[in-house]
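Turn these sequences into a full structure, and let the hints guide you.
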Amino acid sequence: MLDKLKLIEQRFAELGKLLILPETISDQAKYIKFSKEYKDLQKIIEMGNIYKNLLSNKMEALEIISDEKDSEMIEMAKLELEEVEIKIPKIEEDLKFLLIPKDPDDSKNVVVEIRAGTGGDEASIFAGDLFRMYSKYSESKNWSVNLVDSNEGTSGGFKEIIFEINGEDVYASMKFEAGVHRVQRVPQTETQGRVHTSAATVIVLPEAEEFDVEIDMQDVRIERTTSTGPGGQSVNTTYSAIKLHHEPTGIIVSCQDQKSQHKNLDKALKVLRTRLYELEVEKRRKADSAKRKSMVSSGDRSAKIRTYNYPQGRVTEHRISLTLYDLSKIINGDIQKIIDELMLAENSEILNSQD
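Residues 0 to 354, numbered by numbering that gives the first Met the number 0, are exactly what the sequence shown covers, in order.
One thing to keep in mind: the hints can contain errors.
As the list claims (entries may be wrong) - Calculated pairs, PhoX-like style, for lysine-lysine (alpha carbon to alpha carbon, straight line, at most 20 Å):
1) 35 <-> 16
2) 38 <-> 101
3) 101 <-> 42
4) 68 <-> 57
5) 77 <-> 42
6) 77 <-> 38
7) 57 <-> 89
8) 77 <-> 5
9) 101 <-> 35
10) 29 <-> 16
11) 303 <-> 158
12) 3 <-> 42
13) 95 <-> 42
14) 3 <-> 68
15) 68 <-> 42
16) 51 <-> 86
17) 242 <-> 262
18) 51 <-> 95
19) 89 <-> 32
20) 51 <-> 29
21) 51 <-> 77
No lab work stands behind these hints, which were simulated from the structure alone.
Shown next as structure tokens:
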């Protein structure tokens, strides 16, 4: 542990010097990268200092117990030793988790896509519920939510909705939400009172910044159309909606949320860049999974990850066999406990694979 901390201290000092170099300051990509690494290491340094102080106090107490003749001093040293020996294992455990290599995408903003699956109108309504849940959760974290594109359901909700979430370390939490979410309840359209099962797929993509992916605009065909759906007179009469066709990959991105064509183009390019980045992330994920099969954030979009059962007021997180009887709070955005448990499970899994 001390050897690892020494290496981190050396890297931390090195980053401090790199951050004030003119060539770093003038290179935005490099400066952002170094700043994020410096901030992450700072947390480890602070906890490492506490750990080293505890070890020092332990050694000092042992020396007093061994060499001191004064019985009162020996008694005080024994109490000190007892106290630090309780604290040391806990801080060692915390340091182990902090020393786990971070996903380089954890600090990124995200683009989230929710698509109604099986269940017809009820699936669209459920997709709307999930969007509201993530909006409420984002609000509690002081993150901002920006709509990119949506296709409304015939009885409410969305057949598909795409939105951005911007804030601090968004992907670190939201990546666990990717997969198939299932709901069991009596639909609003059901007259017989029977419980139906519907589903929606959630895709969470780390937002690519300009220096992550460079788009050759010669590869992109831009289609400009009038927006569809509600939004006032100008939405349906001006050519503000944007559809991008990326010829090399076949990826198509639409954005019609803004009245300004320029703003829609910016948003669409951001989503296109993110989807191209996801292709690279997927390659990396497949390479990593050859070494370690992650049970909680493998990115498998077909995996059923969570069930929301309304008759029982129950939410079941299938990846870690966690059941909570607090559905009303969870569907209203209180999902932090689930995310914390998933983070803990993944970190424990990584630690076990390192042993």
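(request) Would you mind confirming whether the straight-line C-alpha gap from residue 68 to residue 57 stays at or under 20 Å? (result) Holds: residue 68 and residue 57 sit about 18 Å apart, inside 20 Å.
(request) Mind checking the alpha carbons of residue 3 and residue 42 for me, to see if they're no more than 20 Å apart? (result) Distance ~14 Å between residue 3 and residue 42 Cα, so the pair holds.
(message) Against the 20 Å threshold, does the CA-CA distance of residue 95 and residue 42 hold or violate the hint?
(response) 13 Å, holds
(request) With a cut-off of 20 Å on the C-alpha distance, tell me whether residue 303 and residue 158 pass. (result) Since the Cα atoms of residue 303 and residue 158 sit roughly 19 Å apart, the hinted pair holds (cutoff 20 Å).
(request) Please work out if residue 89 and residue 32 have their alpha carbons no farther apart than 20 Å. (result) Judged against 20 Å, a Cα distance of about 31 Å means the pair is violated.
(message) Need the status of pair residue 3, residue 68: alpha-carbon distance at most 20 Å?
(response) Judged against 20 Å, a Cα distance of about 38 Å means the pair is violated.
(request) For the pair we were handed, residue 51 and residue 29, check the Cα-Cα distance against 20 Å. (result) 32 Å, violated
(message) For residue 29 and residue 16, compute the direct alpha-carbon distance and say whether it is at most 20 Å.
(response) 13 Å, holds
(request) Please work out if residue 57 and residue 89 have their alpha carbons no farther apart than 20 Å. (result) Answer holds: residue 57 to residue 89 is near 15 Å, not above 20 Å.
(request) For the pair we were handed, residue 101 and residue 35, check the Cα-Cα distance against 20 Å. (result) Given pair residue 101, residue 35 holds - Cα atoms ~11 Å apart, limit 20 Å.
(request) Take the C-alpha atoms of residue 35 and residue 16, compute the straight-line distance between them, and say whether it is at most 20 Å. (result) The hint holds at about 15 Å.
(request) Would you check the hint for residue 51 and residue 95, treating anything up to 20 Å between C-alpha atoms as holding? (result) 14 Å, holds
When held up to the earlier numbered hints, the structure conflicts with 5, 6, 8, 14, 15, 19 and 20 and fits the remainder.
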